[in-house]
Structures are given as structure tokens and as C-alpha cells.
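**Student:** If you're matching them up, the sequences are chains A and B in order. The numbering of the first sequence is the numbering used here, which starts it at 1292 and goes up by one. The numbering of the second sequence is the numbering used here, which starts it at 21 and goes up by one.
Among the hints, a few may not be true.
Partial list, derived from the structure: chain B residues whose beta carbon lies under 7 Å from chain A [claimed, not checked]:
no.: 1; residue: LYS26
no.: 2; residue: SER37
no.: 3; residue: LEU336
no.: 4; residue: ALA339
What the hints contain is simulated information worked out from the structure, not anything from laboratory work. Backbone N, C-alpha and C define an ideal beta-carbon position, used for all residues, glycine too.
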Amino acid sequence: MAKSKKEIISIKSVSKIYNLGETVVKALDNVSLSIYDNDYISIMGPSGSGKSTLMNIIGCLDVPTKGKYKFKNELISEMDDNQLANIRNEKIGFVFQTFNLLPKLNAMQNVEVPLIYSSLGRKDRKERAEEALHIVGLQDRMTHKPNELSGGQRQRVAIARALVNKPSIILADEPTGNLDSKSGNEILKFFTKLHKDGNTIIMVTHEESVAKLSKRRIDIFDGKIARDE
Amino acid sequence: MNNFLKNIIIGLFSVRSNLTRVILTASGLTIGIFTVSLVSAAVSSIDKEFAKSMDYYGNDKVYVGTWPWSFDFDWWKYRNRPKIEESSLEYISQYSEYITDVSIKKNTWTKATYGNKASWVQLNGVYPSYQDMLSGTKIENGRFFSQNEWDLQRRVIIVGGTVRDGFFQGKNPIGKKIRLNNVTFEIIGELKKQGIGMVPGGTLDNLVIMPSTTFERILTRWGFDELVLQTNPEDIPLAKEEVGMIMRVARKIPPGDDDNFAVNSADAYMEQFNTMKNAIAGMGFLVTGISLVVSAIGIMNVMFVSVRERTREIGLRKAMGATNFNILTQFLSEAVAIAIIGGTVGIALIRLTVFGLSSFPIPNFNGSTLPISFDLVLVFYTFSICVVIGILAGMIPARTAANLNPIDALRDE
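Same shape as in the complex, but just chain A (with noise of 0.2 Å):
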């Protein structure tokens, strides 16, 4: 990685321990991590292996037992839930395996719910929900619910949804593990798409093929980064 990138998130001696009653589980053990904007992460694993804890610390849905984050300078480690939905809002854009969309809500609202909570006014909401729909090639499915959509059309809504706070990073959570090769591949060209036009994003997967199309590798097992190339 080039030094000469900037820095968003700077991770060090992060470690996450779950107690479960008698049995003390680490989920992280002491890991550290860079993250530079423009980056494109595949992060793998498998199941039990800390990736989906490193997700939701890297996504500010949940805090570090042990360890400093930072983003972009901002001490994630010891906010609280408020400043944390802070966070969320403004810097992070969440992609889902099950897209998450809001089934009574049409594509257009779905989109706009970041923006809610946003100080932004409604007609504001309105632009940049149909700029982030126009940006996915959704523009003349504004107005259908998610059930009149198809999989990858779905998960072109969530993507929009990410993208309309114009976040610092977006994360994706096997965003291509609910849908059919075809979809999946537009899927993925179109992140390819994002990374190009600046964005920074951060993928979870378990598909060796989805990894290789990322600019870097993490590998974690046993709560620990086994591989970052």
C-alpha cells in the first residue's frame, strides 16, 4: 500500500471478548489494521472466525473490548450509542447479504431512510435519493416496493441506500450471497464501478472469486489477521 494515501481508519490492539456465562469467547485477538480511503478490502474468513466482529467494529455497531479505533481521526473506541448512530450515519454505508430493505416502503423511500435521520429537509432528501437511485440505474423504479423488484435490482436499491450519504467507507456483508451468479457478477462490477470513482469499500466474503476482483486481502482466523496483502 502506498503511504502517500491518507488514512481513515486506524485500528490498534483491538481485541473483542464475548463472556457467555462460563466459557470467555475472543472474537479479536489483538488485531491491527489500516484502512486508506480509496481502498477496496475483501475481508475472509470462516464462520466463527472474528470477520463479522471486525465488521461491526469497523462499522461502529459495536465497540472494542480492548484496543483504539479510530476514524478519520475520531476516537470510535469510547463513544457513546449516540455518537456511534452518529458515525453511522454520516461516514458508513451498509451493504447487507439480505439487502435489509423496508418491504412497505417503495425504492425511493428505502433510499431516503439514512437521510432521515440526517438534518437534511425533505426536498434535499428527495435529490439525493433519486441522484443515488440514477447512480445504480434505478431511476425508473423510484416508485415500485421491494417486492416488484428483482434480487439484483433489490440489492442495487440497498447499494443506493449506501451510497446516499455520501459515506466515507462502504461496508458490504456478502453482498452477493443472496443472488444468482448473474446478478451477483453485476453486483460486483458495479462495485468495481464505486472504487473507481473514489469510494472506499470494505467486503465480507467467503468466495474466493469475489475476493480476487478487491485491490487487497484480509484473511482472519481465530480472531486473528492471518493474511492482509
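Could you slot chain B onto chain A? The hints should help.
**Tutor:** Same frame as chain A, but now just chain B:
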């Protein structure tokens, strides 16, 4: 603030998408609000009617009788008291500082007939001076009897407002003759119609007033006499005390002995009434309060279901940047909306009921309707109650939702 409104809108949106469930849940509160409003409407109507009835007694009069105006009759104590003597009026006129005018009021009830129609009426035999002491009503048509008519024991009467409807199909009764206790009387005056009163004998509508001399001559049946004494409203307490003293002297009651008469005024009655009213209201609100609690539990239950169903949505919203407070507001407004829907239907129902009750005449009351009313203050209170119930019922489920861990919530199946 803007954010706050947005979360309320999200909450309302979810109410719309679960309308059947919401309506069923809200119906519990509808019933609660309906009964609560009915109780308060009833209490406030009783209040108004009572005040109206109190006008009949007047806030500027002292009454002397054998019985105190009280709801806790001690029958054995009062029944053997001596009758009120008309002669006491002379003492009172002569010695009282506060009493400005006096009249006897002889009371009885009798059957009035006109043609083949008959009705029970309340009869008062009074002095000519009673014309100026009439309270809560006035002569609307015709005139009061004169001193001359009183002296000559003329059979002339002044009738209450329902006699016109009951006997004369709304036509002018002046000059007509009706029979009281099988004696013919001429109607010379008519009182303004008042509506139903809440106090026994507290309506002037089926009242017939005649000279006390005529009354004495013709109607010697059961009944009782009272002294009606005119004073100023602010002098009532002093006047009562003074009249009591004069009565004791007139009746030669030795010091230390109990009074064998009662000095009454409307304010004492009012106090008694308030005690009774509060008891009615207390019972009513207790019972309806329980129904409100039950409906609140219903709302709480539905809110728990709603939170359970939408756990993933909560997780998603939190991942997208919703704060705990955002989620709390969303679910609280949902609960409040359900409560307000229930309350609104309740208000609509009560409005209909009041309209219904007040448009149909009660049988045997000569066209009068149930004295019940509906006021806007009630609407305001109802909405406040709904908001409070919504918040109370929604608080625990909403907090549960707000405190969900986004990771677990997103994983929820």
C-alpha cells in the same frame, strides 16, 4: 425538532400499515374514553341542572321549616317537631334586621284536571309579596295575584311552564279554568319554563301558585308549611343565625334545648349535593379508570408485538444512523396515535350519544329531555388522557425497541 417530527411521521406510517390491528386495539380505549366521558358529562350536567334547581331556592333567601335540607334524614327526630306557624312571620318581620320581605309557602301535591286530562302538580300557597320573591323564574305571561284577591280568597292560580303543553297543546292558558282537587280555578299567570330539576320539588314547571288564603280554605290535606324570608346574598349566614334566635324566642324554647325547627338556605344544600356528586364521580371514575388501565395494557401488548415484528427494521434503522431517541420517538408516537384514534372514536360516540339522548323527550316529562350536555373542555381532557395513556402504554415497548443492540436486531429472523 425537525428530526422529532420525522420520527413521529414514521410512527404514524406504521399505524397506517397495520390498520386493522390498530383499530381493534384502539377500540378498548374507545370504550374507556366513552365511559369516562359519559361519567364526566353526567356529572357536569348534574352540576348545571343542580345550579339551575338552586336558582329556584335562590341565593338570597332563608327558609324556615321542620326539616333541615340534608340528605341524611333523621326521620324520627324531625317528624314530631311542631308545624311551622304562620304567626312566626310577624316576629321575624318585626325583629329581624336582615330580613327584608317574608311570605308563607304552603306546599302540597294534588291532581289537576282539564277536560279528560289529568296530571299531578305541586301546589304553593303564598302571600302577594311572593311575586317579588320568585327566584329562578318569572311571570312570562299574565300576572300574579293581587292583595285583594288574597284577601278575598279568590280561586286564581299562576301555573308552571309545562301546564301549557300538558293541558292546552301549547295554546295560551290565561283565562282558562282547570280543576284542582275538584275545585275550579282560573289561570291568571304563567311562569317561564325551566326544564327538569335535580332536587325533589326543585322544578317550577309543574308548579301551581295560589293565594295562601285560598289554599287554606280549599286544600286542607297533607302538606307542609315553610317560611320564605328575603335577604341579601351576603347576609345569609347572619340572617340564618338571627332568624334562628327569633324563632327560639317565638317558640319559647328554653336555653340549652335543641331547636325544633330548621333554618335552611341553598348554600347548605349545595354543600350536601357536592358531597353526593363527588361520591358519584368517584365511583364512576374508579370503574372507568379500570377500563382505561385495561386498554392501556392492550396498547402495550400490541406495541410489544410491533417491536417484535420489526426488530430487523429497528436494527436497520440503527445501522443507518437512528439514535435510541429516534427509535423511542417512533414507537411512542405509534402508541400515542393508537390511543388518540381510540379516543377520537370515543368522543365521536359520546357526541352521538349525547345528541341522541337530548333529542328524544323522556316520557311523562311533558316534552322535557334528559339534561345532558357535551362540552369542548371534555374533548381537550380526553385528548390529554389519550396522550398520557399512549405514552405510558408505549414507554416500556418503545424503550425495549430503543435499547435493542443493532447487531442482534439485524440478525433477527
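**Student:** Each hint should be assessed against the structure and marked as holding or not.
**Tutor:** So, going through the hints one by one against the coordinates:
Here the hint on B:LYS26 is kept, as its CB sits about 5 Å from the closest CB of chain A, short of 7 Å. Interface restraint check: B:SER37 against chain A, minimum CB-CB distance 5 Å, threshold 7 Å, status holds. The beta carbon of B:LEU336 is positioned within 7 Å of a beta carbon in chain A (closest approach about 5 Å), and the interface hint is therefore held. Annotation: B:ALA339 was flagged as interfacial toward chain A, and the flag holds, the nearest CB pair being 5 Å apart, inside 7 Å.
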